[in-house]
Every structure is written in structure tokens, then in C-alpha cells.
Amino acid sequence: MNKKAQMSSPFSYIFALIIGGIVFMFLIGFAYKFIALSGALSAAETVTALNDEFAAFSVSESAEKIINYGSSFDFTVFEGKITSEGQSQVIGEIIYAPYEIQGKDLYVATRSLEMPYRVGNLFYLSDGSVIYILVYDSNTEEVVEELTDSYSAIPSNFPREAFSITQVASNIEELSQLTASYDQVRFVFFTSYDNVIDDIQSNFVNYDILKVESSDDEYNFGQVEYSDGEEVVYLGYPMLIGAIVSFNAYSYNYNFDLVMGKLSSVTNVYYDKSKFISARKPECDYNSIKTTLSNYKSLANQEEVSYNSYSTKIEQVESANDGLGGDCPEIF
Amino acid sequence: MMETLMVAVVFMVVLIIALAFYFKFSLDSIEESGEEACLVSNTVLLVSVSSVPEIQCSINGKTENCIDTSKLIVFDPSRVYGSMFTTNCDQKVYFEQIYPEPENGTCDQNNYPDCGIFEFYDPDVSYSSSIKISTPTSLYFPLTEEYKFGKLVIEVLL
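Protein chains in written order, with the numbering used here: chain P, 583 to 914; chain V, 487 to 644.
Next comes chain V alone, as it looks inside the complex:
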């Protein structure tokens, strides 16, 4: 009786340990797949953000491949595009003027156009590290009808 019980107990212990290891490796693999999917989605986002009609240039009734900075100033994407940025993971999205080198920092209606960073989306969450991916973009200033060189930055929050 005791021997049978002991064999059963030992078998169950071994089984539970084996399953615990299995689940841990499975979980790690799923997390890895999730991070991979997150990076892929953000790379796609890097391409697609510039074509969002709320910020894309429309000049003389025709869409152009540039970002209208006056639209960036007046548009709050969290009201409309909240789901677009929270599919797989959190990220910050902003546009940065590179040339001519800007004098001030973050843009708002008061310091526009003498500023360099146009915040687009900020989930306002805490994070331990981040990965930045970026792509060059053309920034259009309708008040002066000027184009300036900039980049779109997506900061993937981990």
C-alpha cells in the first residue's frame, strides 16, 4: 500500500516539475513571439502613420507625401487612433525636425513654427526600456509654404 502511494506521489511530483518547465519554456516562446509581432507591427506603423489623412499633406486638393505640421498642432490622435497604437504593445510616436536645426523643443500652438518636436501619440505609461525606430520624412509648414527635413520616430516601450 505504502509503496504504491509513494510511487504515485513521486510520479506526480516528477510530472508537475516537467510540466512547470514545459509551461515556462512555452511562455517564454509566446512572449518572444509577442515581442517579434510588436516590432513587425511598429515597422508597418512607421510606414502607415505618414498616410493618416488627419496629418498628411493635402495641397491644392491633392495629397502629397509630406506631413502638414499645422495639422499636427491641432490634431489629437488619441481620440481617433487609440486602437491603432495599442494593438500589440505601447509606443510613443513623434516627428522631429532635423534640418534646419530647430531652436526650441516640443511644439504647441504658441511656439509654432519655432520648435523642433511634434508629439503625435504618447500613451503616458511607465516603461523600463525602449527601442527607437525612425524614418525620414518631409515636414510641410503651410504658413510659409516651406518644406523642412525631419524624421518620424516610433519609440517602442518595453
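Pulled out of the complex, with its shape left as it was, chain P reads as follows:
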């Protein structure tokens, strides 16, 4: 008996150690997978909840909201996808945002885009870490006023200020102190910044500059130049706000293509509606609206079109629709 016990005991210990090790490794692996699953579920819930917020928000033509998540969140917004902790979800909305959003409060806003009929809603996200400084001169003062204090203004829950170029030139140090609590300062110039660029460079660390230009007095259509020299076209204030909020030209242009896709889809519906109504109302002349809608639809599918072309086409579509009425119902 003793001999048997002496021989089997070390073997039993080794055997128990191996089995114990396997069970231990299994449990550790299980714990890690459980943590990953919990994280994935939580991220998926966050993204789904956000998607629902957008859907509910899309009912409104203009709305703003601050969502407090209670705990810290951290996600990226890129190419129509929100990614949190490795979990990505495609959002079926057009969202302009900085690349990374983190914090406890999420600033959400929406504006309806009309060109000339409603095309859809554009959404804007911010975590409040970037302040937008709009700079104007005497020619663009009203435009900036419209962008800061009207129905189509930059969301009021986004940090933003407006100053004249003279104020910026004479109070650059105060401006630097005023914006010191933000991670980044984005200057949006509606005038030339040649006289203040040196002061900005010497007083601000984390900043970038956008330049807005337009041949239209009201700046309804125009182009925005980013810090890296890339230029983008905007069509209406909601898209201009999108350009201001977007982190770079690539991100903005991705959404621009989505807007054009939506415009094409909505225009196609109005074109089909004009054909349908025209067939039911042979006594009415719908040729003009059908032609202009068809041309407008083609323009929306083209690449690298100037903002003046859009402006002209929108006027033509509006004019053709205004020519209808009475017994011949308008198309939009």
C-alpha cells in the first residue's frame, strides 16, 4: 500500500495541476469573453439609442438637444458610421461632426435642408471641446448675424462666438484667454485674415482656420477653404454649418455626396409625380417643370459642379413650379 501511494502521489499532483490549469485557463478565457461581450452590448445599445435619437429628431425642421449619458462616452464618427469600443453601426442620417467625440454630454442639433423643397435633415454633433469663432467685416456682418442669431443659425448649444475683424485684431490676447478652456479653436473667416494671421499664430496653440467665400451677397451658396487648402462647396446655411463642424474636407465631402444622393432621390420623386399628375391632367402644361426637374436631377448626379450652377437650377425649378396653380396643382 505504501509503495503504491509513494508512486501515485507525485503523478496525482501533476495530473491535478494540469487539470486545474486547464480549468483555470478556461475560466479566465470565459471571463475575458464575457467582459468583451458586455462591452459590445453596451456599445451597441449606445449606438442604437443614438440612432433612435436621430430618427426622432428628424421630425423637426430645427432642433437642439444636450444628451447626458451619465457616464463617459467615447466614439468616432466617420463615413456615416459611429464606432464605439470596436462596435460600428451605420447611421442612416447625414451627420457632421468632429472625428472623435468624448465626454459626458453630447450636443446634438438638426436643421432641415431645402433646395428649394425639403431634401431632409442634416445632423450636427459636438462634445463641446471645440469653439467656433466667426469673424466678419462690414460686408458680411449680416451673414454672420444670420448664422448666430436666427432660425438657421449654428446650434446655440455649440460653443461659438462672433467678432468683427477689427475686434479680433485689437483684442487677440483677450480672445486667447476667452477660449483657453477649450481643446481647440476653429476660426471661421468671412473676410480676409491676412492682417491677423500672425497674431493668431503667436497667441493660439491648437487652432485651425476656415475661409468662407461667396459671390452671393447673402452667402446662401459658396465655398469653404480648410486649413490644408482643400476647398468644398456648400448649398445653403445648413450645409455651411456642416462644413464648419466637419473635421476636414474629406469628411464634409462624404456627407456632400450623401446630400446629393438624397437630393437626387427627392427630385426623382417630384419628377415622377409631375409625370403622374401630367397624365391625369392633360389640359395642364407640365412640360416646363418636368424638364427643369430632369435637368436638376442630372446635375445632382454630376461631380465637381460649381455652386452657381446649383443656384441657377434651383431658381429655374422654383420658377417652373410657381407657374403652376389653380386647376393645375403645383408639384411641390
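It is worth saying that the hints were derived from the structure and are not from the lab.
Take these hints with a grain of salt, some might be off.
What the hints assert, rightly or not - Using 25 Å as the maximum straight-line C-alpha spacing, the simulated DMTMM-like pairs for lysine to aspartate or glutamate come out as follows:
id	chain 1	residue 1	chain 2	residue 2
1	V	Lys618	V	Glu518
2	V	Lys548	P	Asp765
3	V	Lys637	V	Glu522
4	V	Lys548	P	Glu800
5	P	Lys686	P	Glu800
6	V	Lys637	P	Glu635
7	P	Lys879	V	Glu550
8	P	Lys615	V	Glu518
9	P	Lys647	P	Asp709
10	V	Lys578	V	Asp562
11	V	Lys548	P	Asp867
12	P	Lys857	V	Asp594
13	P	Lys872	V	Asp594
14	P	Lys857	V	Asp600
15	P	Lys663	V	Asp576
16	V	Lys548	P	Asp904
17	P	Lys686	P	Glu627
18	P	Lys863	V	Glu632
19	P	Lys879	P	Glu912
20	V	Lys634	V	Glu582
21	P	Lys615	V	Asp514
22	P	Lys615	V	Asp576
Got chain P; can you put chain V on it based on the hints?
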């Protein structure tokens, strides 16, 4: 040796049974959360569908809170809004005229406007049961410039 082996085997069997139960309950809980998310999303959809620009009324250049039935007739949402309806679960979406009571059933370009049901989205999938949620809506007929009373119905397919 045999005793150790038996203890290990019994321990593993008990562990596997415990984990199987745990996974089953976890899976049930996740499925329940999924169904809950599906219903929440569809309730939100019920509100947001009416503001889709492809079907929303635009009269004299201004958007109105009604559904343009002529747009419903010409628009196929599956080309543009496929992803909107397949986020969490499948659903059918349609508009139903309630008053005046319509004579015919599903609308198309031939029987419009003498019809009662405007199909908006149908995923064409098999399902065992469904939950219907609906909300009242105003249906606009541009040919006669009339508004009729209707409802938007979302049938969540389970």
C-alpha cells in the same frame, strides 16, 4: 489515480451544465433586449416616417404635416430607405385611409385615388406573428386638393 480522474470528470460535467444554463439565460435576456429595442425603434419610426421628404406634403413650397398620396404612388422606398427598416427587425409599413371609407384595396397607379391602402415598405419575408402599431395621419390628394383621414401602420414581424 482513478479517484482524481473521477473528481475531475464530475467537476467538468457540473461546470459544463452550469455554463449551459448560464448561457441559455443570457441568450434569453439578450433576445428580450433585442425585441425591446425593436419595439422602441419602431415606435420612433412611427413618428419619423411621416417626415420622410419623399412622401411628406410640400404645398406651395412649404412642408406640411400630411402625406402626399401621389408621392406614395410613385415612390419605392426600398431603393433608398432599405437600411431604415432593417436596423433591428423586419416590419411592414403602410398607410390606410379610414374616412371616407374607401371602396377598393391596395392602391396603384391604375386605381388611384379610389383605393384605401398605400403600401410603403414590405420586406417580403415569412413570419409567424406580428405586432401592429399605428398613428393617425392626414392623407393629401393633390389631384382634387382634398385631405382624408388615415393612419400609418407599422406591422412588426416576429
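Here is what the structure says about each hint:
Using a Cα cut-off of 25 Å, the hinted pair V/Lys618 and V/Glu518 holds, with the two alpha carbons roughly 18 Å apart. The suggested pairing of V/Lys548 with P/Asp765 is violated, with an alpha-carbon distance near 41 Å, which exceeds 25 Å. At most 25 Å may separate the alpha-carbon atoms for a hinted pair to count; V/Lys637 and V/Glu522 meet this at roughly 23 Å. This hinted pair checks out: V/Lys548 and P/Glu800 have alpha carbons roughly 21 Å apart, not beyond 25 Å.
A threshold of 25 Å between alpha carbons decides the hint, and for P/Lys686 with P/Glu800 the separation of about 37 Å lies outside it, so the pair is violated. Simply put, V/Lys637 and P/Glu635 have alpha-carbon atoms about 23 Å apart, close enough for the 25 Å limit, and the pair holds. A distance of roughly 23 Å separates the Cα atoms of P/Lys879 and V/Glu550; the hinted pair therefore holds under the 25 Å criterion. For the hint linking P/Lys615 to V/Glu518, the alpha-carbon distance of about 21 Å falls within 25 Å, and the restraint holds.
For a cut-off of 25 Å, the pair hint linking P/Lys647 to P/Asp709 stands: about 12 Å separates their Cα positions. Restraint check: the Cα-Cα separation between V/Lys578 and V/Asp562 comes to about 14 Å, which is no more than 25 Å; the hinted pair holds. Of the pairs offered as hints, the one joining V/Lys548 and P/Asp867 holds, with about 22 Å between alpha carbons and a cut-off of 25 Å not exceeded. At most 25 Å may separate the alpha-carbon atoms for a hinted pair to count; P/Lys857 and V/Asp594 meet this at roughly 15 Å.
With a C-alpha separation of about 22 Å, the suggested pair P/Lys872 and V/Asp594 falls inside the 25 Å cut-off, and the hint holds. This hinted pair checks out: P/Lys857 and V/Asp600 have alpha carbons roughly 19 Å apart, not beyond 25 Å. A C-alpha spacing of about 21 Å is found between P/Lys663 and V/Asp576, which places the hinted pair at or below 25 Å, so the restraint holds. Restraint check: the Cα-Cα separation between V/Lys548 and P/Asp904 comes to about 12 Å, which is no more than 25 Å; the hinted pair holds.
The hinted pair formed by P/Lys686 and P/Glu627 meets the criterion: a straight-line CA distance of about 16 Å does not exceed 25 Å. A threshold of 25 Å between alpha carbons decides the hint, and for P/Lys863 with V/Glu632 the separation of about 16 Å falls inside it, so the pair holds. Note on P/Lys879 and P/Glu912: the hinted pairing holds, with a Cα-Cα distance of about 18 Å set against a maximum of 25 Å. The suggested pairing of V/Lys634 with V/Glu582 holds, with an alpha-carbon distance near 10 Å, which does not exceed 25 Å.
A distance of roughly 18 Å separates the Cα atoms of P/Lys615 and V/Asp514; the hinted pair therefore holds under the 25 Å criterion. Under the criterion of a C-alpha separation no larger than 25 Å, the hint pairing P/Lys615 with V/Asp576 is inconsistent with the structure, at around 29 Å.
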